[in-house]
Amino acid sequence: MAENLTFRYKISGDDFTRAGEASSNVKSKLKQMGVDNNAIRKVAIAMYEGEINMVIHANGGTITVEISSDNIHLVLADTGPGIADIEKAMREGYSTAPEEVRSLGFGAGMGLPNMKKYSDNMTIESVVGVGTTVTMDIHL
Amino acid sequence: MDKFIHSVKLDTNACNGCINCIKYCPTQAIRVRNKKAAIIPEFCVDCGRCIRYCPHHAKIPAYDSVHEMKNYKYTVALPAPSFYAQFNNLTNVDIVLNALLSLGFDDVFEVSAAAELVSELTRVYISQHSENAPFISSACPTVVRIIRVRFPTLLPRLLPIKAPVEIAAEIARDRAIKKTGLPSEDIGIFFISPCPSKVTYAKAPLGIRKSNIDKVLAMKEIYPLLLPHMTHDETHLKPLASSGRIGIGWGGSGGESAGLLTDNYLAADGIMDVLRVLNDLEDEKFHDLNFIELNACSGGCVGGTLTVENPHVAASKNKRLHRYLPVAQTHLNQYPDLESGWTEEVEYEPVFRLGKSFRESLEMMGMVEELTEQLPGLDCGSCGAPTCRALAEDIVRGEATQNDCVHILYDYINSLTGEIASLTKSLDLSEKQNNQSLKLLEEYIEKLTTELTRKDL
Ligand SMILES: Nc1ncnc2c1ncn2[C@@H]1O[C@H](COP(=O)(O)OP(=O)(O)O)[C@@H](O)[C@H]1O
Ligand code: SF4
Ligand SMILES: [Mg+2]
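Taken in sequence, the protein lines are chains Z and H. The first sequence begins at 1 in my numbering and counts up one residue at a time. The second sequence begins at 1 in my numbering and counts up one residue at a time.
FYI, nobody ran anything at the bench for these hints, they're computed from the structure. One or more hints might be untrue.
[Unchecked claim] Straight-line alpha carbon distances no greater than 30 Å define the calculated DSS-like cross-link-like pairs of lysine-lysine that follow:
#1 K356(H) to K23(H)
#2 K29(Z) to K356(H)
#3 K10(Z) to K23(H)
#4 K88(Z) to K29(Z)
#5 K210(H) to K73(H)
#6 K29(Z) to K3(H)
#7 K88(Z) to K285(H)
#8 K29(Z) to K210(H)
#9 K116(Z) to K447(H)
#10 K285(H) to K23(H)
#11 K10(Z) to K285(H)
#12 K203(H) to K220(H)
#13 K70(H) to K285(H)
#14 K178(H) to K210(H)
#15 K238(H) to K179(H)
#16 K356(H) to K203(H)
#17 K238(H) to K70(H)
#18 K238(H) to K178(H)
#19 K35(H) to K447(H)
#20 K356(H) to K179(H)
#21 K29(Z) to K116(Z)
#22 K10(Z) to K117(Z)
#23 K220(H) to K117(Z)
#24 K35(H) to K23(H)
#25 K220(H) to K210(H)
#26 K3(H) to K203(H)
#27 K220(H) to K319(H)
#28 K447(H) to K29(Z)
#29 K36(H) to K178(H)
#30 K29(Z) to K319(H)
Sequences and hints are given; from them, build the entire structure.
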């Protein structure tokens with residue numbers, strides 16, 4: 001019997017209205033598995049923010065969720081424009097989101113800071129013109 | 001009382017085993033087994049959707065009979081705020097209240113009056129606990145029940161105040177005991193309800209230990225009985241009405257929020273929209289809200305399954321009725337001894353969890369994923385489960401088998417008949433093996449017939 005369970009999601013960059021579906025799907029699976037409620041909340045928020053970023057800033061990508069008995073490991077990989085200055089992107093309130101996205105209530109510049117806050121460990125690897133990979137761990 | 005009761009019954013003669021209800025159920029609580037729709041009690045939250053959508057009217061709401069009145073020495077009717085909107089051209093609530101007395105009740109107490117107390121209590125509660133806002137209204141029992149099984153992190157947001165009907169029942173019982181001197185058990189408190197969800201509530205309330213409501217009657221049953229008692233000669237009416245705009249407004253979606261006299265609220269109605277709001281609320285997608293009003297029925301309680309009027313028409317009648325009333329006519333200072341708060345904690349019931357432990361669930365989830373892959377993905381419902389994934393979960397829980405899927409069964413039968421065909425062909429070729437082959441052949445045929453009779457295709 002497999003020790004770990006992996007879910008993969010392809011995030012489409014074309015349909016903004018579908019952003020958030022993958023994180024919502026993961027949330028309901030974690031509930032069915034009886035994962036600690038606080039951990040579910042952290043995963044749901046961190047993954048939601050990452051998923052939205054993929055759609056707004058990177059034209060989609062893939063998300064892998066690996067669940068083991070003591071950890072949830074998230075890998076969000078895209079082949080978007082990349083982030084030139086990661087330190088700056090991590091600042092609260094910093095955003096390059098276009099105006100039309102902001103008018104929908106996104107682009108407050110709190111996504112990356114919240115991902116950092118809700119995960120126990122986060123890394124960003126990004127190359128301009130190549131893409132961005134964000135990994136997060138939420139310990140159980 | 002059992003924690004997981006519900007108030008939807010099945011008319012087994014009317015149910016023909018179709019898949020409508022299993023598809024509409026928002027918690028996937030129904031399975032068709034042996035050609036009949038069966039509810040899984042732990043999953044049901046009494047939203048009433050199956051009652052609305054069953055084309056054969058086989059899903060029946062449960063409620064008490066009017067004849068129960070005979071079993072009490074003194075009876076009090078509690079009409080729900082949504083009741084008034086059932087009548088045409090009603091301009092005066094007293095016409096309905098007097099008709100209830102004429103029908104045989106000894107007293108009436110409006111739930112809308114109690115609703116005004118709840119509005120006042122909520123305003124105070126929110127202002128004293130604003131750091132924990134937004135709060136979710138707890139008046140619709142279906143909303144409380146769905147949070148209890150699906151949204152554990154939102155439980156602390158439930159407004160810990162008794163529902164208007166409970167407060168009405170408490171006041172009515174008190175008043176009856178004082179007036180008659182009868183023991184409590186001789187007094188019957190009858191709620192005239194828009195929904196079966198309140199029937200469940202009265203038997204197994206959440207937030208309090210025991211309800212003061214004795215019996216729950218259906219609006220649709222009382223309505224025709226009441227019509228002959230309604231008089232339009234208003235000169236002889238006893239003045240009984242004691243609620244205003246706020247209280248009567250509670251009958252429709254947005255009414256409870258209006259009673260809070262603030263703009264920082266959200267009101268959603270209809271179970272699917274309620275679920276969406278709860279999901280978003282769980283992900284902290286709302287900001288600067290104080291209050292979230294949720295009603296399982298479209299349009300609010302005027303849309304309950306025990307009402308008679310079209311919910312949209314009723315909503316508009318409700319507005320017309322209360323337009324020129326005073327803002328509120330019942331106030332907390334009239335009831336200084338009221339016990340209005342919840343006394344019991346509502347605990348998370350993880351009924352949708354796959355296994356008993358996280359480890360076991362992780363393993364079971366792996367099997368669910370694997371099985372889902374193997375199923376055809378048509379979500380056709382022929383297996384009796386609403387989706388292929390739901391069947392996979394049922395299989396992993398030990399409540400169904402792969403061959404419940406007709407498509408898998410066809411493949412299986414196909415392979416068996418293939419084996420039979422090739423065996424029959426080989427029979428005369430070699431004398432020696434005939435016995436063995438015949439045995440195998442018998443086995444295959446037996447498998448085939450058991451599968452076919454089991455499935456009763
Ligand atoms: N996957 C990504 N690809 C490219 N740029 C990104 C990505 N994620 C974040 N960024 C950049 O980092 C900035 C800050 O992100 P975030 O904190 O989520 O705020 P917001 O999304 O509101 O702009 C974004 O405005 C964007 O410039
Ligand atoms: S919205 Fe009103 S009528 Fe509908 S289930 Fe809830 S309490 Fe009952
Ligand atoms: Mg963002």
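Structure-based check of each hint:
no.	hint	verdict
1	K356(H) to K23(H)	holds (27 Å)
2	K29(Z) to K356(H)	holds (15 Å)
3	K10(Z) to K23(H)	holds (27 Å)
4	K88(Z) to K29(Z)	violated (34 Å)
5	K210(H) to K73(H)	holds (21 Å)
6	K29(Z) to K3(H)	holds (24 Å)
7	K88(Z) to K285(H)	holds (24 Å)
8	K29(Z) to K210(H)	violated (35 Å)
9	K116(Z) to K447(H)	violated (58 Å)
10	K285(H) to K23(H)	holds (29 Å)
11	K10(Z) to K285(H)	holds (23 Å)
12	K203(H) to K220(H)	holds (20 Å)
13	K70(H) to K285(H)	violated (52 Å)
14	K178(H) to K210(H)	holds (21 Å)
15	K238(H) to K179(H)	holds (18 Å)
16	K356(H) to K203(H)	holds (28 Å)
17	K238(H) to K70(H)	holds (24 Å)
18	K238(H) to K178(H)	holds (21 Å)
19	K35(H) to K447(H)	holds (22 Å)
20	K356(H) to K179(H)	violated (53 Å)
21	K29(Z) to K116(Z)	holds (23 Å)
22	K10(Z) to K117(Z)	holds (25 Å)
23	K220(H) to K117(Z)	violated (53 Å)
24	K35(H) to K23(H)	holds (15 Å)
25	K220(H) to K210(H)	holds (26 Å)
26	K3(H) to K203(H)	holds (10 Å)
27	K220(H) to K319(H)	holds (21 Å)
28	K447(H) to K29(Z)	violated (36 Å)
29	K36(H) to K178(H)	violated (50 Å)
30	K29(Z) to K319(H)	violated (43 Å)
Going through the hint list in order, the structure does not satisfy hints 4, 8, 9, 13, 20, 23, 28, 29, 30.
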